[in-house]
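Novice: One-letter residues, chain by chain:
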Amino acid sequence: MLKRRKIVPGESPGLLKFPANAPNEPPVITLIEYCADSLEEKTHANCDELLTHINNDLVSWINIDGWGDLSVLRQLGERFNLHPLALEDVVNAGQRPKVEQYDDYLFIVAQMLYLDKKGEIEVEQLSMFLGKTFLITLQEEGSFDVFEPVRQRIRSAKGRIRKAGTDYLAYALIDSIIDHYYPVLESIGSEIDAIEDELIDKPLARPVGSLHGHKRTLTQIRRMVWPMRDVTNLLLHEEPGLIRPETKIYLRDCYDHSVQLMDLVESYRDVLSGLTEVHISSIGLRTNEIMRVLTVISSVFIPLTFIAGVYGMNFAHMPELAHPYGYPACLLLMLIVAIGQLIYFKKRHWL
Amino acid sequence: MLKRRKIVPGESPGLLKFPANAPNEPPVITLIEYCADSLEEKTHANCDELLTHINNDLVSWINIDGWGDLSVLRQLGERFNLHPLALEDVVNAGQRPKVEQYDDYLFIVAQMLYLDKKGEIEVEQLSMFLGKTFLITLQEEGSFDVFEPVRQRIRSAKGRIRKAGTDYLAYALIDSIIDHYYPVLESIGSEIDAIEDELIDKPLARPVGSLHGHKRTLTQIRRMVWPMRDVTNLLLHEEPGLIRPETKIYLRDCYDHSVQLMDLVESYRDVLSGLTEVHISSIGLRTNEIMRVLTVISSVFIPLTFIAGVYGMNFAHMPELAHPYGYPACLLLMLIVAIGQLIYFKKRHWL
Amino acid sequence: MLKRRKIVPGESPGLLKFPANAPNEPPVITLIEYCADSLEEKTHANCDELLTHINNDLVSWINIDGWGDLSVLRQLGERFNLHPLALEDVVNAGQRPKVEQYDDYLFIVAQMLYLDKKGEIEVEQLSMFLGKTFLITLQEEGSFDVFEPVRQRIRSAKGRIRKAGTDYLAYALIDSIIDHYYPVLESIGSEIDAIEDELIDKPLARPVGSLHGHKRTLTQIRRMVWPMRDVTNLLLHEEPGLIRPETKIYLRDCYDHSVQLMDLVESYRDVLSGLTEVHISSIGLRTNEIMRVLTVISSVFIPLTFIAGVYGMNFAHMPELAHPYGYPACLLLMLIVAIGQLIYFKKRHWL
Amino acid sequence: MLKRRKIVPGESPGLLKFPANAPNEPPVITLIEYCADSLEEKTHANCDELLTHINNDLVSWINIDGWGDLSVLRQLGERFNLHPLALEDVVNAGQRPKVEQYDDYLFIVAQMLYLDKKGEIEVEQLSMFLGKTFLITLQEEGSFDVFEPVRQRIRSAKGRIRKAGTDYLAYALIDSIIDHYYPVLESIGSEIDAIEDELIDKPLARPVGSLHGHKRTLTQIRRMVWPMRDVTNLLLHEEPGLIRPETKIYLRDCYDHSVQLMDLVESYRDVLSGLTEVHISSIGLRTNEIMRVLTVISSVFIPLTFIAGVYGMNFAHMPELAHPYGYPACLLLMLIVAIGQLIYFKKRHWL
Amino acid sequence: MLKRRKIVPGESPGLLKFPANAPNEPPVITLIEYCADSLEEKTHANCDELLTHINNDLVSWINIDGWGDLSVLRQLGERFNLHPLALEDVVNAGQRPKVEQYDDYLFIVAQMLYLDKKGEIEVEQLSMFLGKTFLITLQEEGSFDVFEPVRQRIRSAKGRIRKAGTDYLAYALIDSIIDHYYPVLESIGSEIDAIEDELIDKPLARPVGSLHGHKRTLTQIRRMVWPMRDVTNLLLHEEPGLIRPETKIYLRDCYDHSVQLMDLVESYRDVLSGLTEVHISSIGLRTNEIMRVLTVISSVFIPLTFIAGVYGMNFAHMPELAHPYGYPACLLLMLIVAIGQLIYFKKRHWL
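Residue numbers (my numbering), protein chains in the order written: chain W, 4 to 354; chain G, 4 to 354; chain B, 4 to 354; chain C, 4 to 354; chain A, 4 to 354.
Hints are not guaranteed to be accurate.
Copies of one chain are not kept apart here, so a pair can be met inside one copy or by any two copies together.
As the list claims (entries may be wrong) - Below, simulated DSS-like cross-link-like pairs (lysine-lysine); rule was C-alpha separation at most 27 Å, straight line:
(1) K20 to K349
(2) K20 to K251
(3) K20 to K161
(4) K161 to K205
(5) K20 to K166
(6) K101 to K251
(7) K205 to K349
(8) K350 to K121
(9) K20 to K205
(10) K161 to K45
(11) K135 to K205
(12) K251 to K135
(13) K349 to K120
(14) K45 to K135
(15) K251 to K349
(16) K350 to K135
(17) K101 to K205
(18) K251 to K205
(19) K161 to K120
(20) K135 to K166
If you're looking for bench data, these hints aren't it; they were derived computationally from the structure.
Looking at chain W on its own, in the form it has when it is part of the complex (with noise of 0.2 Å):
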């Protein structure tokens, strides 16, 4: 599900090289710059273009989506002094959320989970450089757009958003980020449950797989999810200063929805951890009914066609094959055996 960059051993730290396997399209870079009064939308085609409009005295948003031959990237590095190792993890899909700290700006990368058309789970890295006055986002696809809302809480002006400056900015990002994984968890939930009413009605019905299944998605969700909370609960405690008390108690909020995400992943594991056992011992359980038929029907006929057989020997001396009542006396000989066995089994809870 996440997928992650190809590793070259040995080579050079903070190489910017496109990655193998990324779609080669032209980046789209939109720029959006406002204060309580002002906002200012537009999509440049080129970074130079870009960093001619940059104003530092309003809040500037500067989104990128792809990278195509990385020199927005480098551009970008160069005007904004971001870290080439930031960079490089920028590019290189599949990092473990995090925060890092550097001089002038901080570094955030968070892994976004949306459920596509299909309804399957998909992942897509965001990464983040939060400054005092500029918020860059770069994404490899801007297939899902986590951000629409909050764009358009910029463009209606509601709420504090516009008053605020870049890090309630980014919290809004971080907020709708994990927001986000809220559905993609339900829509397990709801599968969960499924599997768990069909376990209790067939239990047989084979979904060993699907079990496994669900339990490594959750495994894979949860490696994105803890150290989500520890970004949040960073952000929280960060100390420089880029992130406002008043921003800070947003980002409070935040980090509680991060920590019911945890606690709902991980009863989602325990149900599952529950019903292999269920699974399990319904199997046995089955096992045990079937094995019981098999030894009633045995044992009941096994010593009849016994009998049947002794008088199907061809001796020449069986008295009792001459006489009269030999056949019925016989045919009662096996019902009383029957019978007999029928009552033992009964009185073992067998049938």
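For chain W, the structure is supplied; the task is to place chains G, B, C and A on it using the hints.
Specialist: Same frame as chain W, but now just chains G, B, C and A:
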């Protein structure tokens, strides 16, 4: 069990929206104001009326059941300077129990757990704003009232409650919430005991599902009790001085109870895990027993049937058949084979 | 095993109420007062008499067994300024072992564990108030006396006890309580050893229930030993100076013992888990063995019976039947088939 | 997998003894000295020659492959004041990765992990002494060279390496070691994926052993990766100042990678545990299925065979036998019995 | 394995009592006194003689094997001011490894582990009093001497030992104790490897008991190694200055080894858990295989036997019987049925 708010990703935080599945009835607003010498208790029709009645020299306990058109919450928020994020958490049920410190007050969220009339476990969120002179408690439905005993204590002026401040009142309410967990856990405990007895008597009476069900319930209760312990612990070590040292001695008692609850939940979970193992090995034992019966009966009769089959063959030259003692000799042979087998099985302790 | 108080949710805290299922006998009040040179030991009829006898210059050990109409507790509470919450915990058995610090004294709760005459494990709560010059110990029933050896040491003036203060006396009592855990754990240990031997000899003698029972008992003992370790540790690091440094060296010994107890409990639990696995795989092995016997016998005889069946058919034209060597040839064929099968099973190590 | 030194208990510590199973070839001594402007790379025949060539103004990287008669180690130890215990750890392979701080240098031990030509996992210990102006790297065999890419970077003067000091060189080597773990884990990962697919298609293709083998391998890798994370973390927080702040930014990247490795190892272990469960329940399901077939066939034919047996008996007076419709009636009876059974099994979902 | 002292609850602490099951032989008292230039080694008949010989300017190592009438211990206790509680722990074997700090000395308890001549694991407690100028070592039996190599080093004046103080001597002894754990663990390791090979070759050779036995042994060793690690760690961070900084470098090596031991123990436990799983699933696989053979043979022959049974019936009117091709046709039918079944089983991969 735990209702969870439906998250709309990317929405503006602190927006008060009426939750989709909440009961839409007018809120019931009650104000109890007291000091050591006086007591006034009144239900108010709307929030304006309430706010004019509040006396800052007394302890004012405002209780709200249900939130009608949310205007009550907005008015309270303005009057007491409550943070929009906290109000959002009030409305969106299913929060993790927590304490949040704001400038003038503490915001406390707890989950009440109780058995309804049908013996089913119900959960309801209680939110609390604890200020120097006021305590606001809010819950979605007034259907379950864990606070009546506390109100009685205020009315009858028994104990310390009338002499103490809002902090003691908050303690009394939290204590009452925690105490209400005990009957729920005791009912689960006695059901587990019943399953345990049943498992040892009739191991295959199929309680797989019920074991799993109880485990799931306990997992959910655990997710409420663990943070409840943190809540009491945080209140115990709260700094700004909203909670007096003499009240902290009482909160220590609360903390103790929440630790006991955790102990209970964990040991029930332990017992359930043990019972699952007992169940699985019981199934194995049962299958084993059934197989033993099948094996003994088959092994005894199959060779006998074979012998009978041999003498049932129609070969022209079978000297034994003509022999006068052929038949009894054959029966004797069968008897010897059967007894030999039974001795063998006896030796192997299969009989 | 552990009696738990019945909680009435929402009740006023610190209310002394006679517990429902407690034995209602008059309390036995004993006072032992000593210093290095003198010793007085007396049983008092009531609390007034006791209180007039207390000499603040000596070490006063007040022991109360049972609480009659609770007036003794109330009088003691007043005289020594004991907190109502502590007194409530004294009366409500089933507390977690703990230490609570009050202004002038420490309140210590411990659970005594012992084997009664029938070899069953009994638990009783001991509460202790440790002041500068007094030590009050309280227990519901005087049926089990873990303190007699300590009293003997006081009487005989052996060791340090008569020269030391109340802190050393408290240590001596706690040490005695902890030492009484050992015989209980040893008895469980030897039962586990017995089960282990039995499991390896006769794996199916059905000890599922007993394994589970011991596991459950150990879970409960664990819940008493863990906090007991915390109690000794807290006393070791107690600050206000009720416990002298030279006594702390002795408490370190206590702490050591409680850690050893934990080690014991944990390793017994480990062994029990291992035995459950041994049990489950023994059942599997047994079933396997039974199946092997069934399979070998069935597989050998079923084809033979089929051959016999073929030559028992009544077709008019079956040339083999008339042949003079038909019968021996047929027997030979059967022998070859049987031997072939046996060789096959031998090769597969099924015989 | 991990070679472990043979310990001779009680021996004098810091004794340099040639390890029993080490390859006894003359050491290969290479010295690379560089600064931003100059570079000298030379292989020396012996240690005396090497030591005369060292220039304290340049970064001196001494690499030793193999230890011949150990005299090289002794000479280096004397020249650079290396502690005998550290030298002992150099020679005795199989150490846990660690960092030890000595007065003038850091001693770092790491385990290199790589796939040999046959695709098998090999481990080799690398020891490193990091001083202000020198870096000594030692390994038993030169068969696997993880450092070549770093040497290339030094030669080509690409990146920061020529401008930075010994600390950056040490970082570059550690980074290369850590990066070499990825291909190993990826190969394990793809084998696990293959097992997973196989398990779901043909659950009984007997991969028990292979699951266990991979688990064991991962346990061992885990024992190398966990302490590797500690190594990078310790270097990150090293105090005396051998590592410059700008290098620490790069080490943070290393730390990140080691955490990612841990994540990978742990999630592979998770998946393997899950697959073991899948395997066990698949076996159960398979057995169940086989039993079902046996039961259905046996249950259908055993009663029919019994009926045939009855009419094969040779009683003189069996009126049905003589009846002209006896035979078809009998066949009809058999058909009815068979169909009845099949309906019964259909209902139970056994067909 | 670990002998545990018999506790008499409530007894006076620090009472020296001869342990019930200890060997009652006269103690062997050895004194080794040395400095860089001189060495005296002597066995003394009794403690008085010993005490007159002690020279405070030298390093005095007193070794006591066995405690006769305990008078030696009492005399040593008086002379060196040893705490009665420490002496009690010396006599009562089965203590947890620990370090206790007293005013003038450290009291160290360790458990020695070794293989006796029959290859069985033996444990013996070693107690140590480490003072500025003296080191007293005590053990119950002198049967196993882990210290001989250290004595040799003192005699031969090799290494640092003669130049260093008591702290280095203590280190040398602890190091020797820890080194002796390796052969024990290696022997367990090779037994586990043997079981592993056997399990994969002949999965049912019934090693259930042995797996469990090894697990139990490892649990016990773990209980000795974990605290041993704490002992070395505590010595490493000991404050009052009995241990010199240069010795601490050596203790760091000890600490390293104890961590390696923990690693070994934990990974063996991991492997054993894995093998238990392998064993359980092997049993399942085996049962499955056996069932398959039974099912195939039964399913093929039971219908054939039924056909034979039909034509063995004695109905008067069975036209097939009289038909000249009846017999071959019947045999052909049987062949077709058998081949049909075999194809079916082949398809299901049961053959």
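Novice: Against each hint, give a clear statement of whether it holds in the structure.
Specialist: Hint check:
In this homomeric assembly, K20 and K349 never come within 27 Å of each other (Cα to Cα): the closest approach is 76 Å inside a single copy and 54 Å across copies. Taking the shortest Cα distances, K20 and K251 sit within 27 Å of each other only across copies (23 Å), while inside one copy they are farther apart (36 Å). When the C-alpha separation of K20 and K161 is checked against a cutoff of 27 Å, the pair qualifies only between copies, where the shortest distance is 15 Å, while the shortest distance within a copy is 41 Å. Taking identical chains as interchangeable, the C-alpha atoms of K161 and K205 are never at most 27 Å apart, the minima being 52 Å within one chain and 58 Å between chains.
When the C-alpha separation of K20 and K166 is checked against a cutoff of 27 Å, the pair qualifies only between copies, where the shortest distance is 22 Å, while the shortest distance within a copy is 39 Å. Within a single copy, K101 and K251 get their C-alpha atoms as close as 18 Å, and across copies as close as 17 Å, so both meet the 27 Å cut-off. Taking the shortest alpha-carbon separations for K205 and K349, both the intra-copy value of 26 Å and the inter-copy value of 14 Å come in at or below 27 Å. Neither within a single protomer nor between protomers do K350 and K121 lie at most 27 Å apart by alpha-carbon distance, with minima of 55 Å and 35 Å respectively.
When the C-alpha separation of K20 and K205 is checked against a cutoff of 27 Å, the pair qualifies neither within a copy, at 53 Å, nor between copies, at 42 Å. Only within a single protomer do K161 and K45 lie at most 27 Å apart by alpha-carbon distance; the minimum there is 20 Å, versus 38 Å between protomers. In this homomeric assembly, K135 and K205 never come within 27 Å of each other (Cα to Cα): the closest approach is 60 Å inside a single copy and 59 Å across copies. Proximity of K251 and K135 under a CA criterion of 27 Å is satisfied in both settings, with 15 Å inside one chain copy and 24 Å between copies.
Taking the shortest alpha-carbon separations for K349 and K120, neither the intra-copy value of 56 Å nor the inter-copy value of 39 Å comes in at or below 27 Å. For the homomeric pair K45 and K135, the shortest alpha-carbon distance inside one copy (21 Å) is at most 27 Å, but the shortest distance between copies (50 Å) is not. Proximity of K251 to K349 under the C-alpha cut-off of 27 Å is found in neither arrangement, the shortest distances being 70 Å within a copy and 64 Å between copies. Taking the shortest alpha-carbon separations for K350 and K135, neither the intra-copy value of 82 Å nor the inter-copy value of 70 Å comes in at or below 27 Å.
In this assembly of identical chains, K101 and K205 lie within 27 Å of each other by CA distance neither inside one copy nor across copies; the values are 44 Å within and 41 Å between. In this assembly of identical chains, the alpha carbons of K251 and K205 never lie at most 27 Å apart, being 50 Å within a copy and 54 Å across copies at closest. Taking the shortest alpha-carbon separations for K161 and K120, neither the intra-copy value of 30 Å nor the inter-copy value of 46 Å comes in at or below 27 Å. Within a single copy, K135 and K166 get their C-alpha atoms as close as 15 Å, which meets the 27 Å cut-off; across copies the closest is 31 Å, which misses it.
When the structure is compared with the earlier hints, violations turn up for hints 1, 4, 8, 9, 11, 13, 15, 16, 17, 18, 19 and for no others.
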